[in-house]
Each structure stands twice: as C-alpha cells, then as structure tokens.
Amino acid sequence: MAEVRFFTDLGAEVRVPVDGDTPQTLRQSVLQTQRALGQLGWRCCPLPPGGFTFPLASEPDFDWRLLGARRGICTIDSEERDGVWYAGQFYTRRALDPNPRMKLGRAIKYSRGARSTDPAEGVEGEEGSAFRYVTLAVFRGEGRRREEYAVPREPRPAGGRRTPASREALSA
Amino acid sequence: MAEVRFFTDLGAEVRVPVDGDTPQTLRQSVLQTQRALGQLGWRCCPLPPGGFTFPLASEPDFDWRLLGARRGICTIDSEERDGVWYAGQFYTRRALDPNPRMKLGRAIKYSRGARSTDPAEGVEGEEGSAFRYVTLAVFRGEGRRREEYAVPREPRPAGGRRTPASREALSA
Amino acid sequence: MAEVRFFTDLGAEVRVPVDGDTPQTLRQSVLQTQRALGQLGWRCCPLPPGGFTFPLASEPDFDWRLLGARRGICTIDSEERDGVWYAGQFYTRRALDPNPRMKLGRAIKYSRGARSTDPAEGVEGEEGSAFRYVTLAVFRGEGRRREEYAVPREPRPAGGRRTPASREALSA
Amino acid sequence: MAEVRFFTDLGAEVRVPVDGDTPQTLRQSVLQTQRALGQLGWRCCPLPPGGFTFPLASEPDFDWRLLGARRGICTIDSEERDGVWYAGQFYTRRALDPNPRMKLGRAIKYSRGARSTDPAEGVEGEEGSAFRYVTLAVFRGEGRRREEYAVPREPRPAGGRRTPASREALSA
Amino acid sequence: MAEVRFFTDLGAEVRVPVDGDTPQTLRQSVLQTQRALGQLGWRCCPLPPGGFTFPLASEPDFDWRLLGARRGICTIDSEERDGVWYAGQFYTRRALDPNPRMKLGRAIKYSRGARSTDPAEGVEGEEGSAFRYVTLAVFRGEGRRREEYAVPREPRPAGGRRTPASREALSA
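Residue numbers (our numbering), protein chains in the order written: chain B, 1 to 172; chain P, 1 to 172; chain X, 1 to 172; chain Y, 1 to 172; chain F, 1 to 172.
No lab work stands behind these hints, which were simulated from the structure alone.
Please note: incorrect hints may appear among the correct ones.
[As the list claims (entries may be wrong)] Calculated pairs, EDC-like style, for lysine to aspartate or glutamate (alpha carbon to alpha carbon, straight line, at most 20 Å): (1) F:103 with Y:3; (2) X:103 with F:79; (3) Y:103 with P:80; (4) P:109 with P:61; (5) X:103 with F:80; (6) P:103 with B:79.
[Unchecked claim] Listing some non-contacts, in silico: residues in chain X with all C-beta distances to chain F over 12 Å: (7) 5; (8) 10; (9) 27; (10) 53; (11) 59; (12) 77; (13) 80; (14) 82; (15) 85; (16) 90; (17) 94; (18) 95; (19) 98; (20) 109; (21) 130.
[What the hints assert, rightly or not] Only part of the chain X face toward chain F is listed, based on derived beta-carbon distances under 8 Å: (22) 23; (23) 44; (24) 50; (25) 66.
Note that the coordinates shown come from a computational prediction; the quantities given were computed from them, not determined experimentally.
Quick reminder that beta carbons are idealized off the backbone N, C-alpha and C, glycines included.
Excised from the complex, chain B in its bound form:
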C-alpha cells in the first residue's frame, strides 16, 4: 500500500497509508487524503521557493485544504485583510494588475512580509529593501481551471446532514 508523508500543525512527520492500484485511483486517493488531513492543518506539500503556481481560473474555488491551508481574515496595520492561513502564518490576497512591460497578465497573489528567520531562497524582493516577502501561491495565466484542485461539489444526501469531513475515512 502506498504512503503519503504529512507534517502536522506542530511539525511532526507522519506517514499515512493510501489505497490505489492504478495511477488514477492512487492519484484520487492521495488528493482525498490531502483534503481530509489538510483540514486539520496538516501539510504534505512543502512550500516551493517562489510559491505554488496555478492558473488564474483555479483561484475562485481552489481547495486550500490540499495544502493544509484555509481561507481567513486577519487585521494587519488596522486593516482587515482577506487571505489564507498556512502553517501558522497569514498570507494576504492581492490582485495584481497586468504588467505589459514585464509581459505579465492579471494575477492573484497570496504573500506575507519576510521574517529574518525565513530561508533565504524563498524570500523575494530587492535585497536590503524593506519590501521583502514570501509567496504562498500565485494564480496567473490563461491555463484551464484544474478541476482536481477545486472544492468538490458534493451532492447533499436527501434529507440528511453531510458527514463532517473529519469523520470520513482517510482514503478513497
């Protein structure tokens, strides 16, 4: 049986078994386990330097549980901000205008200010400047919306409450 590596919210490494005999079923099973445990804040996808990249069309219903993150609100500098909590830190959501000179289209970016203890290769912005930051994810480009990364539209069982995800089995 295959195994996926997770890090709990405290940082413990846990390997969790997943089913799947074919590439497609294994893939589904891994994604379902990411959703089930990501909801607890467990992470299995280390933040790549420069952040995750997805097509812009995936932003509206991106399933942040896949990364162990969740949408939230945080007040920074007396300003209430939309964004995402990931690994105990808040990443502010920002809409970036197209930059024709840099040939960059419209984008949505989730980022936070850098800390002195952030690993150097993940920190962006001019060195020495006060505007140094760490990106969690960028949604950009004309690529097709990734269905498998979206919040699943589950049918509600007739006349019943949905089983809370935290009580669901771990694997497909």
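Go by the hints and put chains P, X, Y and F onto chain B.
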C-alpha cells in the same frame, strides 16, 4: 497503519506506528504518542527557525511533552531561572512587556543564548552583537487557548494510583 | 516489497510499492512505475545540479515520463518553442553546434532561464550576467542509445484498443 | 513495529525493525539495537554540530557502541593517543582543566583537527586559525551518570562463555 | 524486515527489503544486496565530502559494485585513462607518491575535475585555482585489507555456468 517519526534523546531516528482511521482519531493518536514518547525526551517536531508560536492563553498549562521538552530550573550566572529543557539545552522563560511601537502585545518567550555551532537561520538578534539567541517558543496574541496542546486533566481512578505514563500503550 | 519515492505534481511525497525479486525484475518494475506515474506529472528523480545527461542517440525517442516530464510547445517572447514541461516549468529544446575548442560534440539541451528563487547550485552561466539558466537535460556524446530509457514500442493487440496507461497496474 | 534508521560503515541507510509496545520497552529495544549494530560501526545518531554532550560522570564507562564508535589508540605526530574511532576518523581524548573565567568545570573532550571538507557548522575554533577542530563528544558538568548510556554489566552465565554480541538477536 | 535505501542510475529513491536477524547476517545481507544492485549502477552510499577512504591493501580487488561503480577506461585529453565510472561520471585512477613532509604514505586516488555545479563542500584544491577536483575514493595507509569489501572469490559450481548476478535473489 500510520507512522510518526521521532528523534531519541541521542538523535536516533525512530519511526513509531500509530492508529487512526479518520482524521480525528489519527490526530488524537499522534498527540498521545507525542506525549508518551516526549516524556522520554524524544522529539518529533524539529525546532522551526524562530521557534514555535502559540497563543498566550496556552502558556500556563502547555504540555511540553508534545515537543519532547520539560519544565525545569537552571542556574545561569548565579541566578536560578525558570524555563524548559529541550534536546539537552535550557531555554529561559521570560515575560515580555507589550511594545506598542512594534505593535506587539504581552508575550512569554523561551530562549537561550546562541552558540557558534547553531544553524544560522535559527539565530536571532543583530549580527555581530553579543545578544544573539535561539527561540524555542513564543506565547503571544489573543488567540483562543489550544485545548489539544494542554496537559490533559485526567480523572484519578478511585482509590488507585495512576498508571505511570511510561507504562501506557503508545497509541490511542 | 520494495518502494519507490515519488513527488506528486503538488509536491507531496508518496511512497509506492513495486515488485521484483531479482535485480533485473526490480529494475523493470521501477521503470514501469516511473512511466505509469510520470504520466501524471509525478516525479521520482530530483533534478541533479547541471541536469540529467544522456547519450545523443537517446534524444529522438527518450521517454520523458521517466522524469515526470512531457514534450510540449510554449510561446515565449512571441516565439513558439519546442521543449518539455517538468514540474510546472517549460524547458526549451536547443540544438548546440559542436565546439571544437571546448572539445564538445553536437548536443541537444533542454534548459530555461533562471529565477531568483532557484537553488544556487543548479544555476549555470556567468554570475551577474543576464544569461543565467537551469538545465533539465543534455543529450551529448557518442554513447550507445539507452533502450531502457526509450518510449517502448508496444504491439497493438489485434482488433482492440490499447488499455490507457492510466488504467494499467502500477507495477510489472 | 517501530523502525530505527542506521548508516552502515560505508554510509548506506538501513532501517531496522525494533520491538516495544510501551515507551520504556521501545526505548530499551532501541538502545539494545544501537549496541548490537553500533559494534559493527553502524551509526544511528548523526554527529550534532558541536558534538554530543554527556555528564562527566558518564565518561569512564560510556558505551561508545551507542554511537557506532569504539575506543582505540592512534599514533599522530609520533605520539600514541587514546581516543575513539567514529565513522573512519580518530578523535583524541583530552582532559580539560576547569576554566573559572569562562565558568567551565573540568571536562573530557573527544575531538579531531578539522578538514577542508568538513561541513562549516560543525567546525570550531577561530576562523582562519590553524587550530580548527571538530568535536565528537564532551563530558562535562555535575549531572548524574546516565546508567542507560553505560556499558551494561552483564552477569556471566555460570560455567559458560557469553554469546558474542554479534550473534545476539537485534531487538530486546 | 530491514530495508536499504538505494538511488537508481536515474536518481530515483528505492527502498529494498533485506533479511537478517543478527548483526552479522544483516550485515552480510546488506552487502550482498549492494553487490547485486550496485551492478546495475544503483547507489546506496552517497559520496561523502572528500571521498571514501579505504586501506591501500584493499585497492587491488576492491568490489566497486558496493558503491554502484565499475572499473572502466575513458579517453580524456587524447589520453586513455584507467579509472572508475560512478553516477555517470568518470574518476581517473592516480598513484600518489609518498609525501614525507605531509607525513602521507603511498596512495591510490580516484578523482575527477570539479564542475561549477558540484556542491561546494565536496570540492578540493585551492579556491580560484584551475585545479579543483572531486575525490571518489582514496586508498591509503597500512591498514589491513578489508575482506568484506573485496570481490568475492566464488567457487564455480562443478560443470556448470555461474548464475549471472542479475538473476540472483536480492538478499542472502
């Protein structure tokens, strides 16, 4: 069956099986194993650069076994200090006053002086200064107390002694 | 049973069981699993600094699924380019003329421009120059074509459609 | 069943199963496996930057097999030295006098001269100086002798030879 | 059952089960698996900074399969050289004369010129000089020949061909 990675007090990496078929039971099982083995000084949560962060309300009854640490006292510079032992080193407990200029509220910090052999990204304080330090944990902010990180209030069995934790089974 | 470590397209680490009792059958089984999961964009071979190297004769039918990559086309600077997608980034295919002074023969190279967040040891080109790049693979030299790295020539079952690779079992 | 990670004398990573249902029995089992395989020169405790630290009282009968090391003698600069072999290198034993100015008590240190290929964070001594060294272990301080780290005093079976440790089972 | 970690010639990480209930049988089993898979170019011993070190007496019949390497010949600068292939690169064999000033005896060294993408800590020779190199192995010193690292002298079965190693079982 899932597995949690631990480091013994000597630094050996040991993978320990844990039960749990749903996210909630797996999570409980991982936390119980952390408590049982953390009591031996085994660690499963590597110290993140800048230290662990918890809400201030979690400080009074935080369960240090989760990190493989334990409360203790150490005499440094002829002064008896409260603090925590973690991985063979003592981290002094300090209450930090609010700093309105930095917009930081009251906090409790556990830290120790840096050594020349500490990895650079975990060391804080001005470079070249004598006041360089490593933080184990900061308790700060108005967040709700994390029940799951607290020392459990176990009922004492009527007329009997509690089983010492070191004899308890490893998993829930 | 042996296990191969993969990284999904989101970066999750998954260990997948493979069969094989002798070195040759284990090897075949690992390669088949690389093909089956590489097709999903899962990678099991981290990019070595300086890129993968293969003989020039392996280029025409190299099986990019082994690396979790796939041939593709991308428009960069209004120019349509041939190349390969790997881990969400596009590597342009370039034919390099022989360089007798450097004693280098004809080669095909797959590379992309470097980003500020690329790990330093994988970036090539003069430091400070604008032409810094990262190599995915170089095909060079007179070595014999590596049959085991080529796209397999599978016989089509008489009168039937081939089973899509994504429905095939994971191991030989 | 739990697993301990070892590195053989050639550097291969091997995971070895160990028994133990409670924290105490798991701990005993891990230590016994460390002794059994440490005798072959297999290591499970990577050298921490600055070396291992133990109380001074543990030095006389410290069980070096726990670290995959063994006491030995080596002739360096025509001088026969006591010390310890660890991972193919010899660490000289030195008794350090108390240093009241640095508030350091008597200590026994096992160290060797640094090489150009040693990882920077483990090298001590003034940078640029000729006296750069790497510490394997320091025994210092008034702490209680750690019974579990000592060479076990095994009763000799009446009228018989002890089973050589290399023939003993791996786990308790 | 114990497990050994290997890297295939493409760099995939594969864990392979090995037998062995006692330290000696586990050790034999690990070495046999290293020979069987090392013959495919699979490596389980990452190159330590500065290279592997063995006694000079082990050089003549050292079993390079243990490292996933093999003896070979390569033409460099129009000169045919003896050496060893390891991880796709050629290391030239060189006999070093004794250096009484440095107190170094006769040695055989396998090394190659450094590349810009080699990790810094494995590169030797004066910084900035053109003679920077990476060492695979040094055979030096009066130590006893290591029987367990030598090519086994297997008895040929009477009247029969030996089973090719690639068809042998993986473990002892």
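Checklist line | Residue hint residue 50 (chain X), partner chain F, criterion CB-CB below 8 Å | finding: It holds, given that the least Cβ distance between residue 50 (chain X) and chain F is near 4 Å, below 8 Å.
Checklist line | Check on residue 130 (chain X) being off the interface with chain F, judged by Cβ distance over 12 Å | finding: Check passes; 18 Å lies beyond 12 Å.
Item checked: Consistency of the no-contact label for residue 82 (chain X), given chain F and a CB cut of 12 Å -> holds, 23 Å
Notebook entry, point to check: Do the alpha carbons of residue 109 (chain P) and residue 61 (chain P) lie within 20 Å of each other, as the hint requires?
Noted result: holds, 15 Å
Check: Are all beta-carbon distances from residue 90 (chain X) to chain F longer than 12 Å?
Finding: Holds: least Cβ distance 21 Å, greater than 12 Å.
Next item on the list: Determine whether the non-interface label on residue 94 (chain X) survives the test: each CB of chain F must be over 12 Å from its CB.
Entry: Since the minimum Cβ distance to chain F is about 18 Å, residue 94 (chain X) lies beyond 12 Å and the statement holds.
Note to self: Just to be careful: measuring from the Cβ of residue 23 (chain X) to every Cβ in chain F, is the smallest value less than 8 Å?
What the structure shows: holds, 5 Å
Check: Would residue 27 (chain X) pass as off the interface with chain F, using Cβ distances and a cut of 12 Å?
Finding: Violated, because the least Cβ-Cβ distance between residue 27 (chain X) and chain F comes to about 6 Å, which does not exceed 12 Å.
Check: Taking only the CA atoms, is the gap from residue 103 (chain Y) to residue 80 (chain P) under or equal to 20 Å?
Finding: holds, 15 Å
Checklist line | Status of residue 80 (chain X), Cβ more than 12 Å from any chain F Cβ | finding: holds, 30 Å
Check: Are the Cα positions of residue 103 (chain X) and residue 80 (chain F) separated by 20 Å at most?
Finding: holds, 15 Å
Notebook entry, point to check: Non-interface claim for residue 98 (chain X): all C-beta distances to chain F beyond 12 Å?
Noted result: Non-interface label stands for residue 98 (chain X): nearest chain F Cβ at 17 Å, farther than 12 Å.
Going through the hint list in order, the structure does not satisfy hints 1, 7, 9, 10.
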